[in-house]
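*Asks:* Protein chains in written order, with this note's numbering: chain A, 1 to 292; chain B, 1001 to 1317; chain C, 2001 to 2422.
None of these hints come from the bench; they were simulated from the model.
Just to be clear, a hint being listed does not mean it is correct.
Only some residues are given here: those of chain B computed to face chain C with a beta carbon under 8 Å [unchecked claim]:
#1 S1037
#2 T1060
#3 L1064
#4 A1067
#5 P1068
#6 G1072
#7 T1149
#8 N1171
#9 P1172
#10 F1174
#11 F1247
#12 G1262
C-beta: ideal position from N, C-alpha, C; glycine also.
Residue-level listing of the chains:
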Amino acid sequence: MSAETARAGRRKATKARRVSTVVWHAGIIAVLAIVLYPIVWVVAATFKPSSDIIGSLSLFPTEPTTHNYERAVEGIADISIGRFFWNSTVLAVLSVVGTVASSALAGYAFARLRFRGRGAMFALMISTLLLPFHVLIIPQYAVFQKLDLIDTYVPLLLGKFLATEAFFVFLMVQFMRTIPHELDESAKIDGAGPWGIFWHIILPLARPAIITTAIFTFIWSWNDFFGPLIYLSTPDKYPLPLALQLFVDEASGSDFGALMAMSMLALVPVVLFFLFFQRFLVEGVSTSGLKG
Amino acid sequence: MATVAPTRPAEASGQPAGPRTRVRRSGDGVAGYLFLSPWILGVLLLTIGPMLTSLYLSFTDYSLFTAPEWVGLDNYKRMFDDARWIKSVQVTAIYVAVAVPVKLAAALAVALLLNNKRKGQSFYRAAFYGPSLIGASVSLAIVWKALFTDDAVVDRILRTVGINTGGWAGNPDFSLLMLVLLGAWQLGAPMVIFLAGLKQVPVELHEAAHVDGAGRWRRFRSITLPMISPVVFFNLLLETINAFQVFTSAYIVGGPNGSPAGTTLFYTIYLYDRGFSDFRMGYASAMAWMLLLGVGLITLFLFRTARGWVYYSGDKR
Amino acid sequence: MGVMKRFTTVLAAASLLFAAAACGGDDEAESGPVTLRYSWWGNADRAALVQKAIDLFQTKNANIKVTPSFQEFEAYWQKMATDTAGGNAPDVLQMDFAYLREYAERGVLYDLKKQEGKNLTTSDLLEGLKGAGEVDDGLYAVPVAGNTWGYVYSPAAYAKASVPEPKLGWTWNDYRAAMEKITKSGGGKIYGGGNYIGTYYNLEAQLRQEGGLLYTEDGKLGFDKPRLAKFFNEGKQLIDAKIVLPVEKGVQIKPKFALELDLIAGDLGWDNFMARYAAATKTELKLGPLPSDNPSQLGQYLKPSMLMSVSAKSDHPEESAKLIDFFINDPEAGAILGANRGIPATNAQRAAVKLEGPFAAVAAYEESIKGQLEKAPPAPPKGAGTIEQAFIRVSEELQYGRISVDQAVDQFFTEANETLES
């Protein structure tokens, strides 16, 4: 092949690749436009007067207003929105810490250690995923009532520190099982005990599972409504979802605008949390030392 | 997470071969229980107790304010005669059967689309994850419903292709579909897990097949799918379990009656209505255990059939 | 690994800080001032007003401290059920007429007859509301505000269709004819009304106009299957003649009401919802009388729209009674709360409140039918809430045409009787 044909061939190939790249990007953006449309709608709705939100058909507000955000920031009955944010943050951060720590420990036990009754306990753990929480809440409430812990954050957090979120324990187990045993073995040969293997080998390699756990726990805790409703009575301990409910009321008319504005504000930390951690998610898998 | 890796099957055990001294394996016991101690404490305090209590309550008539009254199997028997219970089982079953495959297929499709080295990966991935972040919120459920009313965007698009259903939110034949789409829309989580699994598929396999003349679809079927089957299984299992427990968005859209005309009466909504609005905690507990039974059987079934199609690479070559 | 380690340390430190914050600060006032827990439902606006009233109460009663708690209506009852089941009910709680008997008969509420005349004065209650919180000879709740069923409509919509506005004495036929005329001339943009079989309060109105009751004195249904079939058939005819708003439309716009979106010319409903309508739509609305086939009987009664109760387990029933007394009788409290809870239940507070806008309309409306406003019937039986929901549900399926009138009647009676018997 002459140099010229080669060059021509290369140019054609680059052009073809560029075209396909453009097509690919265009395609994805088209799909994204459809997928994100409802979210755009919610954001646009926060700038519409409350009465226009249901029943008005246009995406963009005809009379844009910041009233909803002003209302949301006002807070409720002398409690500032900052307070609700703070409460949600405390609950979410502690939930993440507790869940990650306890799930990793339990996951390691199920995935790597051998002890009597492991199979039965694993089955028990999976079965806890299957009962709807509405039914467990009354007996659990009774437990905390006897311990005089109602109207504190303890009922909402204790479970997180005791690995009661089977979803994440399972996630950890599945992930840890794919880490090659050779790594364990070589650590053992170097004299490491179970804790050493856990801390130095398994935990770092389980990073994607840990990140996933952290992200999901944060989101779930941030959005948790029923738990805080049942266990908290003092309004200035309320996290955001409880505060949000107060914008919906049958007899005096719900303030959907303020509800959505406050939801938008409430979303900001979640989005930030996610954006910060998400790059560790998929990247982590490919650098986890699984190949060779 | 059952990501694929060139490793021995997970239960690989056995002493390291060779001239090293044999390591005693039975000593894990204490370590095992130590690591598991938070979980054990949690189970004893917060899970087993309440689970057993709710099992006990399912055999009683319990109105929350007065002591429970033993009624034996009454609640369970009554369920099968209860038209609303039957309806809720139907609605939930249809939802699970439709929503889970749709959601997984969509998540896989998006993951495949994003599984290359083009620029903008991070941004697109985050964008597709957006719905999952906002999906559970009350505001979004309200807006979602609003988008499916007469003359709103969905109705208008359908009418341009000649389909005239009116707003799905008020149409008993389509209301469930609206919720299926809401569920599938939040495909961020399974998508990310699929992406992780896809990245584990060795490129050499694809290249070799390509050289052998295999087309895109053939390669997908024979290489990609089997290699990501553990991830598919994980997603399938968890999405199924979650689908049975849908509550918030369905409640916002359909209310406690499962409007319109009971077509959105999910099992969990009926359970909650019976327990908290009708003060029939005994019956609600019985419903909960029936759910556990049903989902447990399905989970077992999934695990059993998994052996037929889930392929942990490294088993054979 | 370095990143992870740093991350873990920071997180651990942060969590210790947070944990301290979370566990801190829950001190008890020992002896001395009495602390009452008061829970109510409502939105943010109400919370602000009640808090102001509480502050006033505390300045007037230096030894009583009130800890507030509030949620939205539905959430409130979920929480109340759990709290009560756990023995943790607040001292003073807001009570709803539909749940009153449920809670009272289960021994959860304190009999305020023991405090009447001492810490609690009920003599100034409006005639129609006196005794409204009694259940089986005990006083378990005190009404705080009242409302009644009415017809809210848009005079403009009536004028546009050349239909005369509703006047006292108009019959159910007049009502249906008015709706028909408005729908026919509305061109699909506006309907004469919604289908009134959707809720059993309209059935109650008709029954009372015939001299009957929705629930009998001994807690059974006050009507039989043929009577219900007659009622449902009226609704079916409205659908067949295409006179009323199609049911799909009503379902789609929930949680909003059709009247708020100007889809119908008028609707039967609670008169205090005028406030909600006024906030939602720019169309001017008026309150009119209920249609009645019996000229001397409107079938209306003054219903306690909100009550207050004391928990049976409260350690401080006397102070709790004082709080209730303050909330229903004190004119300053009345002025603060205005018409937020509804039209006040005592003469003193009514005089103290300057009613404006929609509330003035409500008060004027109630004044105009004063002669016909009767006392509330006894508190509905246990399970009334469930039965109400069953009615709404069955009616909806009927309106969608998925069941026949006979099936609807059978279904409702089966469910209602099952609830009443349990």
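*Asks:* Confirm or reject each hint.
*Replies:* To see whether the hints hold, each was checked on the structure:
1. With a least beta-carbon distance of about 19 Å to chain C, the hint placing S1037(B) at the interface is violated under the 8 Å criterion.
2. At its closest, the beta carbon of T1060(B) sits 13 Å from a beta carbon of chain C; the interface hint therefore is violated under the 8 Å criterion.
3. Taking 8 Å as the C-beta contact cut-off toward chain C, the hint placing L1064(B) at the interface holds, the least distance being around 4 Å.
4. Checking A1067(B) against chain C by beta carbon gives a least distance of about 11 Å; that is not within 8 Å, so the hint is violated.
5. Annotation: P1068(B) was flagged as interfacial toward chain C, and the flag is violated, the nearest CB pair being 11 Å apart, outside 8 Å.
6. For G1072(B), the interface hint is violated, since its Cβ never comes within 8 Å of a Cβ in chain C; the closest pair sits about 16 Å apart.
7. At about 4 Å, the closest approach between the beta carbon of T1149(B) and any beta carbon in chain C falls short of 8 Å, and the interface hint on this residue holds.
8. Annotation: N1171(B) was flagged as interfacial toward chain C, and the flag holds, the nearest CB pair being 6 Å apart, inside 8 Å.
9. Nearest Cβ of chain C to the Cβ of P1172(B): about 6 Å, under the 8 Å cut. The hint holds.
10. A cut of 8 Å between beta carbons decides the hint on F1174(B): the least distance to chain C is about 11 Å, and the hint is violated.
11. The closest approach between the C-beta of F1247(B) and any C-beta of chain C is roughly 13 Å, which is over the 8 Å cut-off, so the hint fails.
12. A least Cβ separation of about 7 Å between G1262(B) and chain C falls short of the 8 Å threshold, and the interface hint therefore holds.
The earlier numbered hints that this structure contradicts are 1, 2, 4, 5, 6, 10 and 11.
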